[in-house]
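Protein chains: 2
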Amino acid sequence: MSAEHPAHGAPFNVGLLGHGTVGGAFAELLPARAGEIAELTGREPRLTGVLRRSSGDYREILDGADAIVELIGGVDPAREYVLAALLSGRHVITANKLLLSQHGEELFAAAEKGGAQLLFEAAVAGVVPVIKVLEQSLAGSHIDRVHGIVNGTTNFILSEMARGLSYAEALAEAQSKGFAEADPSDDVSGRDAAAKMAILARLAFGVPVHLDQVPYEGIEQLQGDDLAYARELGLGLKLVGTAERRDGGLSVRVHPAFLYSGHPLASIAGSFNAVTVESDAITEITMSGPGAGGPQTASAVLSDVVSAILPPAGRRAPVRRLPLVADIQSAFYVHMDVADRPGVLAAVTQALGEHGVSIKSVVQRGMGERARLVMVTHPVVESSMRAAVAQVAEFQFVRSAPRTIRVIEEEFV
Amino acid sequence: MSAEHPAHGAPFNVGLLGHGTVGGAFAELLPARAGEIAELTGREPRLTGVLRRSSGDYREILDGADAIVELIGGVDPAREYVLAALLSGRHVITANKLLLSQHGEELFAAAEKGGAQLLFEAAVAGVVPVIKVLEQSLAGSHIDRVHGIVNGTTNFILSEMARGLSYAEALAEAQSKGFAEADPSDDVSGRDAAAKMAILARLAFGVPVHLDQVPYEGIEQLQGDDLAYARELGLGLKLVGTAERRDGGLSVRVHPAFLYSGHPLASIAGSFNAVTVESDAITEITMSGPGAGGPQTASAVLSDVVSAILPPAGRRAPVRRLPLVADIQSAFYVHMDVADRPGVLAAVTQALGEHGVSIKSVVQRGMGERARLVMVTHPVVESSMRAAVAQVAEFQFVRSAPRTIRVIEEEFV
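So the protein lines, in turn, are chains A and B. Note that the working numbering numbers the first sequence so that position 270 is 270, with each residue one more than the last. Note that the working numbering numbers the second sequence so that position 300 is 300, with each residue one more than the last.
Next up, chain A with everything else stripped away, as it sits in the complex:
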């Protein structure tokens, strides 16, 4: 370095595992920012080894590294590599949400045992610093709820459907723009978002949550006219992940949900991600930004490299015990194809009422044998809603299985 720069300590050696979209972007970004990071931290980060599919030796890379950046993805062999690094005292920076949501506790234990940091800002919401904000700024807060749009692919598809495209057209559009994989099932099924919500729940509530404990529904079944009717009711449709205190426990889940237009997540468009954190003391804060993209994710990885060089003094949230609860209350949008005969609305509302479902607003459309009845309900326990809908589906005037989508009410301010 030139004489203008402050004195430096030893270089900080980074071993990179994986050289795909994010790995490649990181390998470009690191040398470009190394000088400024050296100014800030006193140590200049440099890439000392890269493990590609076809070349590189992990043992050799590990031996020469102060920190390992894991961007292979998937569980095997990433798990083995990350564990070996942590146990040997090397810091690990990873964007691997599947690994963290399935083996997080094992990895945290290895990090503690090895005296190393496990950093994963890039695993959730890309460049949006939701991990550090939960770990640090909100460490002393009593968080009540986290809502997230944490999958950019599905948010892009839903944004396009809101413009009038069908699901199939919107998916094709996402694929042609590189926002969706050729096999999009991990995204559109909600599984990717579920993994991220498991990670956020661990940080926000201190409760270990495994991906298998997060029920998820995707967007494959959504119909364009759900979005059209919803607009009439002043609602927007998003794939929302939720982690919240409920009934003395914790509920973590992912499903499509309607949001009132004033909700801070309602305006998140295209492939952006956003996370809202609510508590009594803070009311709510929302963070948003690009959820993916090589350079953006690489930038989040690099911010963790800076943290690895200068660790925030070993703060680690204690593990808490909160039961995971499943059958919770939600408001619902209900869409029914019905024959428009006298007494239909009365029969439906009575059937719903028998299960404790009360109706907040109704839109009825069309006439004759192909009318549509769209309702938004007040909050009701999900199992009651399912039972009510099953009863309604039995009516002879109901033309096809009713569709339900949860509605997120504006509960704050």
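Hints are supplied without guarantee of correctness; some may be wrong.
Heads up, the list lumps identical chains together, so a pair's fine if it works in one copy or across two of them.
Unchecked claim - Here are the simulated SDA-like pairs of lysine to any residue, each with C-alpha atoms no more than 25 Å apart in a straight line:
| no. | residue 1 | residue 2 |
| --- | --- | --- |
| 1 | K360 | F395 |
| 2 | K177 | S261 |
| 3 | K113 | Q329 |
| 4 | K177 | S279 |
| 5 | K360 | D327 |
| 6 | K177 | G294 |
| 7 | K177 | T283 |
| 8 | K113 | S88 |
| 9 | K177 | L87 |
It should be emphasised that the hints constitute simulated quantities derived from the structure, not laboratory data.
The hints should help you fit chain B onto chain A, whose structure is shown.
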């Protein structure tokens, strides 16, 4: 503490200066959260002294404290108290934006000399953790621009004006709801926002910026019909603080500005605050939440208490040199009262064109002697715009001084 909790170190003694709205809320919040903070950090924070207007001895409070929480506000005697604490090695947590924006460098130097932390998350955007995000998550980023809605009073007033209220009515509404002081001049003049932008610019760009170096314009001169015409052009009106790299230097400023509806700050309503950070690598991230309120600000103060107990390893951004630039390019909205005669539009556009001002869109309204001509221009250097408007004002058919308001273009995706 009970035997279930991990072993604790010594209590962490906090001296509180000031017991107004925020101080009182903090004095309630601290004991309520002390147990969880002890679990997290190993030290239980406790209030060991309070300096009120009428009681308390500063020397005594300081002697018994590990950290001082300064919530008096204003420069004197806060400056003296904070300097004494830092030089004696006590951490200081403050929400005092006037002090930081006028004496920041002196305070940072005292903190370094005393080996103490100076923490001020609550000074900007209340509970929105923009300070820690800039200091930590974005520490390795090359930031290009920061936009902020950092004054909740003015954002509330503008939100009410957007609903049709006059400035005077909206101000009265803000005062009756406790969002504006009896003397609102610090807020509505833009001075409060300017102090906060000086602080954000220091963190984002490493450049010391004094409040006196931040030009600011307030909202007192805005007219209800500016908002009405702007709606026709698809724009919303906000008081926006900006700190950005421009022409090889740094521009920091506060003024009313129109935002296109897709801009992430356009949907920030009521007394909320929001900050958007842009850079090539991250594209942009936006953080929003309540900008003020006793419990919210107290919560931000408390998060700094946690940081004081467990410091992020002494990261302090180096000081950089970037000249402050003043005469920058902006797009403008221009509002003119004109007599509707043949040749008026031609004369105006020619006069503007002579100064390099080109027009993007025009709305003309009314007829006869009281027509209104509203334009949005392409970006132009501010001094050229002022010269062009001065020339237009000379025309005999112009009925009153033209009004100009800057327009923030959507420059990112």
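To see whether the hints hold, each was checked on the structure:
When the C-alpha separation of K360 and F395 is checked against a cutoff of 25 Å, the pair qualifies only within one copy, where the shortest distance is 22 Å, while the shortest distance between copies is 58 Å. Taking the shortest alpha-carbon separations for K177 and S261, only the inter-copy value of 24 Å comes in at or below 25 Å, while the best intra-copy value is 27 Å. Taking the shortest alpha-carbon separations for K113 and Q329, neither the intra-copy value of 41 Å nor the inter-copy value of 55 Å comes in at or below 25 Å. When the C-alpha separation of K177 and S279 is checked against a cutoff of 25 Å, the pair qualifies only between copies, where the shortest distance is 22 Å, while the shortest distance within a copy is 37 Å.
For the identical chains of this complex, K360 and D327 are intra-copy neighbours only, at 21 Å inside a copy versus 55 Å across copies, given an alpha-carbon limit of 25 Å. In the homo-oligomer, the alpha carbons of K177 and G294 lie at most 25 Å apart inside one protomer (14 Å), although the nearest pairing across protomers, at 46 Å, exceeds that limit. Taking identical chains as interchangeable, the C-alpha atoms of K177 and T283 lie at most 25 Å apart only when they sit on different chains, with a minimum of 17 Å there against 37 Å within one chain. Within a single copy, K113 and S88 get their C-alpha atoms as close as 9 Å, which meets the 25 Å cut-off; across copies the closest is 37 Å, which misses it.
In this assembly of identical chains, the alpha carbons of K177 and L87 never lie at most 25 Å apart, being 41 Å within a copy and 56 Å across copies at closest.
When the structure is compared with the earlier hints, violations turn up for hints 3, 9 and for no others.
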